[in-house]
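Hints in hand, dock the two standalone chains.
Taken in order, these protein sequences are the chains called W and Z. Residue 222 is where the first sequence starts when you use my numbering, and the numbers rise one by one after that. Residue 347 is where the second sequence starts when you use my numbering, and the numbers rise one by one after that.
Check the hints yourself; a few may be wrong.
[Claimed, not checked] Here are the simulated DSS-like pairs of lysine-lysine, each with C-alpha atoms no more than 30 Å apart in a straight line: (1) W:K242 / Z:K360; (2) Z:K360 / Z:K375; (3) W:K242 / Z:K448; (4) Z:K360 / Z:K541; (5) Z:K448 / Z:K625; (6) Z:K541 / Z:K625.
[Claimed, not checked] Per the computed footprint, the stretches of chain W lying under chain Z, defined by three or more beta-carbons under 8 Å from a beta-carbon of chain Z, are: (7) 242–249; (8) 254–263; (9) 266–272; (10) 293–300.
[Said to hold, decoys possible] A few chain Z positions that, by computed beta-carbon distances, are all more than 12 Å from chain W: (11) D359; (12) T405; (13) V441; (14) A564; (15) G681.
Hints are computed from structural coordinates only; laboratory data are not their basis. As the structure is a prediction and not an experimental result, all values here were calculated from the model. Beta carbons: idealized from backbone N, C-alpha and C, even for Gly.
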Amino acid sequence: MSRRIHVAHYTSEQRLLGAVKGCRDAGLHVLDVRSPYPIHGLDELVGIPRSRLPIACLVGGVTGLGLATWFQYWTSATDWPIDVGGKPFDSLPAFAPVAFEVTILLAGLATVFGLLFRTTRLRAEIPEDELRVTDDRFVLVAVRPDADVSDAALARLWIATEAVHTSEYVEDER
Amino acid sequence: MDSHAFERVIDGDKNLTQVTEDVFSPLEKRGTGRWWTAFLVAASALFLGLVAIGYQVYTGIGTWGLNRTVGWGFDITNFVFWVGIGHAGTLISAVLLLFRQKWRTSINRAAEAMTIFAVMCAGIFPLIHMGRPWLAHWVFPYPNPRGPLWVNWRSPLLWDVFAIGTYFTISALFWYVGLVPDLATARDRARGIRKRILSLFSLGWNGSARSWSRHEIACVLLAGLATPLVVSVHSVVSTDFATAVIPGWHATLFPPYFVIGAVFSGFAMVLTLMLIARKVMHFEDYITPRHIGAMCKILCFTGTIVGLAYMTEFFTAWYSAAPYEQFVFMNRAAGPMAWAFWIMVSCNVIAPQLLWFRKVRTSLAAVFVLALVINVGMWFERFVIIVTSLHRDFLPSAWSAYIPTSIEIATLIGSFGLFFTLFLLFCRFVPMIAAAEIKTVIRDRRASDDAPPAALPVGAAGVDERRAA
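Isolated chain Z, as found in the complex (with noise of 0.2 Å):
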């Protein structure tokens, strides 16, 4: 990143006080008409999404579009999907932290809610994947009456119970943490009952030098455990499907193919709800052109190294000899499905090139479309994986095809559905920018707002000169 791109991490030439205003005012006020209609959409697909999922639960996953030979299809695929979308969120709150990027500071906040919703998402599939969902607990090494039976540490199946409860629990300590501060401010300014459920949340914050000493290395080793766990966890994702002997997907690339591609699906997802927020919520100032731009030139990069992946794929399969591995890449990009090989690559490899060009990175709309071409790209590159390497297995007489049903498209809005819920209630019941965090970035820029101020008696009491004006 050049320095000079961000001499200034938000605009507006703000202090402090502004700086609180701004981020939680909007806090205390009423929803927008476009809140609730944007809520009310979002809580109608969830709706949805619940009774189809109600539905399945009770007559089985027959309600599914799968067969024989196609065991894996929309559950798994969104399963992936929704992982990797979480990816970016830890990439921006703990790499960009080691790596003291301090543009960051306008956008960690949210980017760290949407992973904590995306994991939530991708929650939802493997377990009714399971077809018997009451029996989830069955995956948690428990002393049982069954034996003891213990779980099969062997399986990426239960790497994965692993790998995404501890992504859950640290993201969500993680951003916890990071919130405690600006819980205290919206305390300091509520009143009633609203000031009661603050003070409960916000641990009795007081802005101690202590505290925020501890904080601050609390923060920093949070982001040191978080950032190995991201490339974990995708990793485990990927040995799913890298540990099975099906051609297409037992590659030693997959873990690092899989963890580019989680960066740049959730790149893209950062980029499409910070679009959107930053109209809604008047968040211009703090989202500037210049983070839209940043997060362009990380897509691009990330986008040409998944397009890298697909032609090391290719070059493999060619290269090993082998018949089916290369039958299996051939029918990806010729064969009956490669209708969604073609979406995939147009979406993931050909259009992020168009980032190169600075027009493009600095035109918000063109940035909106290539970020919502990159969500359907990347939700298509796991449908391919899973089903064209399935559906034309060793055996032709087993091959088959695979249509998705009504029910399994209703719970991929539904997941959807229940992402944008929890993530409006988030913009508006939490304070959406890290606002002690942009305190200390802009504080370096106003030195020269030290100047005295224009004759305050000493004990003259300042505290209530904001409320009562």
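The following block holds chain W by itself, in its conformation from the complex (with noise of 0.2 Å):
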């Protein structure tokens, strides 16, 4: 099976806005948006899920924690203890500083190879057409589900909300 895509350029954030709203009305199905900066309220509009990056952030956080303190811990008191100057081998209040280093440097260390894994295509090509998405262009990808929608009513949404330059392709879906 496969679906028809249809792209839109936009000038400016209000306009693109608009035109995720008219694309909803009119039944299309809005597949992504691009932006030169974060668009807040897109979220929700775009259906785009809540985030799982707090959640690799703190279980990077607990493990680096619990490591941490175990590693010290095992290294000082356990498999070859030293006296330094007759403190306690198992001295736990002297291991905070360390631990809680280990605890960031994980939890931050999870958070960016989560995003990484979660965001990038390395080797994605942009279109040509979307250059300048990273300068001054807002993109709108739709779907449109089946032939619901009428070219003429399509042709009317993109002039409605001041499309610049519309363009859409077949895609065949796996």
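Next comes the structure, spelled out in structure tokens:
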């Protein structure tokens, strides 16, 4: 089964948001929006699920805390205890700074690797006509479910929402 | 911060296209004469430092002016100075992000870069202080053929390794994550080999709403992590001193005293760099007198707290009734090294009080001079803490003086060379202003620009109009 993808370009955030609403009213499903800067309130409109990055961050942090605390205890109290100034081998308060730093380090690494894993497409080709997305152009990508929406209605929609450039292509669904 | 001062983050009533053009076009041109002059001066200083480091590593740290009484001198002073410089970068990029201070967008990228470079400069000094830097890996706890003999987790010097290592890693990641959308902009404007290199570093960024959503959450998380981290780093550095039983060092005041001093010195360095950069890179519309004024207020505030910390040290010494403690502080203010103490007080406590006056805050020349004065003063603060506490210890027969050698001075100059070389390369090859973030703060004001465009036909390719122009 294949589906028809429609792409429309806009020159401002306000026009883009208007177009997203227009598409929904017209029965199109908005797949993605590309913009030069983050637009708030778009997550619900486009249907982006809540990010799980905070969970990755928490898991990284807890791992770091546990690992660093255990490792410091094991090396200084179990594996090879050394008397330093008569202090106890299991002097837990002295382990706090390193445990804290490793907690932050692993939480940060987990967050960044989680982000890279979720958002990067290393070999991505940016289509020639979308090069201005990183400059000043706002792009809306929508799909027409079936032939519910007529070509004429679609053309009217693009005119009404002041699109400056439109294109469409057929994508084979895997 | 009063909200009226920052109704506008940038000047010049710019639209998105102009912001892109302003930030990215300097990167696509050849370096100016001024840039090359500055770069050659910085690189020469770096070369001098490399020669000095090579010599002292080959010969040994007997080339320094240290003696049995004064075991820490220029090296640790420089280390603490450079670590402190970094703190303003994190404060601007992380703490001001959490407080939603939009004015930070103009300066956060450069301030964060400054943090990374300052931590790199700081890292040199413990390394060469080891005397045998080729064994530097011994500070890491790895299974080794010496037992395995593990590191001493109770030593603040080891805490430093973890604190500085984490600080550098997290700062670099935070900086890079924030940079990705702007690298993508540079990529989309470039051609050829430049485009390929930028494609690699911009990770296929296409501005998708999903990417932006994740990106923003990651930035907030990293800011949340960096905030306690920045407080911990200089606190840990201060425990290098505070856990010792040396009068003048053994004080519970040290962690907050060091952190606020670090923020103070860091903001002075940010101001120094920004005042130069806005002129050299023509960013007057982005780094406005309002930004300078806001940073001046932070300087005035932190400088006053630093002054309070100095007074607290003296009060505690007097109130402790410990003769050694009292002696150290009397010796600091009136002993043979009193000149260093009074340079510190006049630069860090007295000079910043001028910033109470709006006239001073709005005069860029005055602010620049004050920032330099504070940089000098904060270097002397670390020198005073380290050297005056050591040079006259418990036993008068052991009293000694400390005079740095030319090698130590050359190493200090070399660290400034490294710092400015890296910063100049950064200005030349990386977008210095966070363009995507600037675009979020200007869009609010430019809603009026939403009037329909002059009859652009539907389907007209609007893509290449700029490049054709």
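Hints, verified against the model:
no. : hint            : in the structure
1   : W:K242 / Z:K360 : holds (28 Å)
2   : Z:K360 / Z:K375 : holds (21 Å)
3   : W:K242 / Z:K448 : holds (29 Å)
4   : Z:K360 / Z:K541 : holds (27 Å)
5   : Z:K448 / Z:K625 : holds (22 Å)
6   : Z:K541 / Z:K625 : holds (28 Å)
7   : 242–249         : violated (count 0)
8   : 254–263         : holds (count 8)
9   : 266–272         : holds (count 3)
10  : 293–300         : holds (count 4)
11  : D359            : holds (15 Å)
12  : T405            : holds (32 Å)
13  : V441            : holds (15 Å)
14  : A564            : violated (4 Å)
15  : G681            : holds (31 Å)
The structure does not agree with the numbered hints 7 and 14 stated previously, though it agrees with the rest.
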